[in-house]
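S.K.: With these hints in hand, go ahead and build the complete structure from the sequences.
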Amino acid sequence: MAGKVAVVGLKFACAPDLKTTRERLVFELTRGLFDELGIDRHEVDTFIMCSNDFIDGRTISTVFLDAPSGAYLKDETKVEMDGLNALIYGWMRILSGQYDTALVVSLGLTGSQASPYLNIQYSLSPTYERQVGLLNELAGAALQARSYLSRSGYSEELLDLVAAKDLQLAAKNPRQGRRLEAVDVDKVRSSDYYYEPLRELHCYPRTDVGCVVLLASEKKAAELTEKPVWILGAGNSIETYFYGERDLSRSPSAAEATRRACSLAGISDPSKEIDFAEVSALFAHQEPLLAESMSLIPEGEAEKAYRDGITGPGGSMPINPSGGSLGGHTVCAGGLLRLCEAVLQIRGEAGPVQLEKAGTALVHGQDGLCAQQNAVLILGA
Amino acid sequence: MEEVKLEFFNPTVPLDFQYNNRVGPGIQKLLDGFAERKIYGSKCPSCGKVVVPPRTICGACNAKMEGFVEVAQEGTLRNFTVGHVYLEKGQLKKAESPYVLGLVELDGVDSLFLARISGVEPSGVKEGMRVKAVWKDQVQGDYADLDHFRPA
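Residue numbers (this note's numbering), protein chains in the order written: chain C, 1 to 381; chain W, 382 to 533.
Honestly, the hints are just simulated from the structure, not real lab data. Glycine residues also receive a C-beta, built at the ideal position from the N, C-alpha and C atoms. Fair warning: there could be bad hints in the mix.
On the chain C side, residues computed to face chain W include the following (Cβ under 7 angstroms) [stated by the list, open to error]:
(1) S115
(2) R130
(3) N136
(4) E226
(5) S237
(6) T240
M.R.: Listed below in C-alpha cells is the structure:
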C-alpha cells in the first residue's frame with residue numbers, strides 16, 4: 001500500500017434514547033471532536049456521511065447535515081451501508097494522495113425515533129418475500145442460529161454463554177447503551193423467546209447511536225495525535241440475498257473480507273496474530289459463527305472456547321471486550337461503534353473494560369439479512 | 382450532552398403511492414404455476430442447480446437461468462424456527478400462539494423454500510421430517526395459494 005492512514009480522533013454516543021435530534025447530535029460530536037483536537041472544519045479535506053434514508057424517514061438523509069458536521073461547501077459524499085464501508089472509503093481517499101484528512105460521520109436513531117427492524121423488512125424483495133409475509137430480520141436470524149447450532153453440534157446454551165459474557169461486559173462499560181444489572185446465564189435463559197432458539201437477551205437492543213471518526217495521512221497524523229491507531233488492512237465481501245441458497249451456518253463473505261484485510265496487513269494466522277476482535281454480532285449466535293468464519297477460533301470448538309473463557313477478557317482471543325453489539329447497535333453506525341471501542345483499547349483508554357494486551361485488533365461490520373455483506377478492518381498501534 | 386426539552390413530532394412517511402414493480406419472468410412463472418397447484422423452479426444451464434422460487438440470474442455463474450422446471454411438492458424439513466412474536470410495521474407483537482416457519486428442501490431442488498409448517502405441534506417439529514405442500518381450497522395465481530406444508 002502507498003502510505004499509511006491512521007484513526008486520529010473519534011467521538012461517539014450510544015444510549016436507548018439520546019434525547020436529541022439528528023442535527024444536534026452530529027453538531028455536538030463533530031464540533032466536540034474538533035475542539036478536543038484543537039482544529040476547525042477547514043482541516044477536514046473530505047466528509048463522508050453514513051446514515052440510512054429509510055430509518056431517517058427522508059431520502060438523501062444527509063441533506064441537513066452540512067451545517068452540523070462542518071461540511072458546508074466542502075468535499076462531501078455519503079455511503080449508505082455499515083459505517084466500516086464509509087471508513088474504508090475514507091481510507092482509500094487518503095491513500096489516493098488527494099486528501100490528508102477524512103471525517104466519517106454516522107448516526108442512526110433506532111432507539112427513540114424508528115424501529116431498527118424496518119431496515120431489513122424493506123430490504124426484502126417487494127415482489128416475493130414482502131408479499132408472502134413470513135420473513136423478517138428476527139425470523140431470519142433464528143433460522144441462521146439453528147442452522148449454525150445444528151451443523152456444529154452445539155447446544156442452545158452456547159447462546160446463553162455468549163450473551164451473558166457480552167451483557168456482563170456491556171454492564172461494566174460506561175459507553176454502552178444497554179447496561180443490565182446482575183446479568184448471568186440464568187437471566188439470559190429466562191428471557192422470553194422471540195423466534196426459537198433466539199430469546200430477547202440474545203438479540204441486539206433498540207439503540208440511538210452517533211459516531212464521528214477522523215482519519216489522517218501519516219504526515220498529518222503526527223500533527224494531530226500522539227496515539228495514532230493505524231489501518232493495517234481492510235476488506236469487504238457480499239454473498240447472495242437468496243437465504244434459501246446460502247449455508248446460513250457459515251459466513252463465506254466474512255471469511256473472504258477477513259482474507260482480504262489480513263492479506264494487506266501481512267497477517268497469515270489471525271488466531272495467533274490478532275490480540276482481540278470487535279465484531280458486529282447482532283444476535284448471540286453470530287459472535288461464534290463469525291469468529292469461526294474469520295479464523296479467530298477453530299471451527300467446531302466454539303462451545304468449548306466460550307465455556308473455557310477463551311473469548312472472554314482474560315482469554316487468548318477476547319471477542320467484544322466492550323460488550324459488543326448486544327450492548328448497543330444501529331444501522332450504519334454499528335460497525336463504527338465496534339471500531340471506536342477497538343481504537344480505545346489499542347490506545348489503552350478503554351477504562352473498566354481495558355485488556356492487558358491490545359496491540360492488534362480485527363474489527364467487523366455487517367449489512368443485510370443474516371449478515372449478507374461483511375466488512376473487516378485490521379487496526380494496530 | 383446539554384439537556385433541552387425536545388418533543389416528538391410523529392410524521393407518517395407518505396408511502397401512499399404505488400410502485401410499479403415488474404415481478405419478472407421467474408415469479409410470474411411461480412404464480413402461474415400456483416394457479417394450477419404446481420411449483421416451478423428455474424435451472425442454471427451452467428451449474429445445473431434448480432432453485433425455488435425461480436429467478437433469472439445465477440449469481441455464482443453470472444449466467445441467465447431461463448429454463449423453468451416443475452418440481453416436487455414433497456420434501457425434507459432442513460431448518461425451522463418456532464415464532465413467539467411477529468413484527469407489525471417494525472413493532473414486536475406477541476403471537477396468539479407459537480407457530481412454525483420452516484426451510485424445506487423440495488425433492489430434487491438445490492435451494493431451501495421458506496414456508497409455514499402446520500398440522501403438527503411446534504414441539505413435535507424435527508429437522509429431517511418429511512413434509513408436503515398444502516394448497517388453499519381456491520387457488521388464483523396468488524402468493525397465498527400455497528398455504529403451508531404439513532407432515533407427509
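S.K.: Hint by hint, note whether the structure agrees.
M.R.: Here is what the structure says about each hint:
1. S115: At about 3 angstroms, which falls below the 7 angstroms cut-off, the nearest Cβ of chain W leaves the hint on S115/C intact, so it holds.
2. R130: violated (10 angstroms)
3. N136: holds (5 angstroms)
4. E226: Violated. Min distance 27 angstroms.
5. S237: violated (13 angstroms)
6. T240: holds (5 angstroms)
Going down the numbered hints, you'll see the structure goes against 2, 4 and 5, while the others check out.
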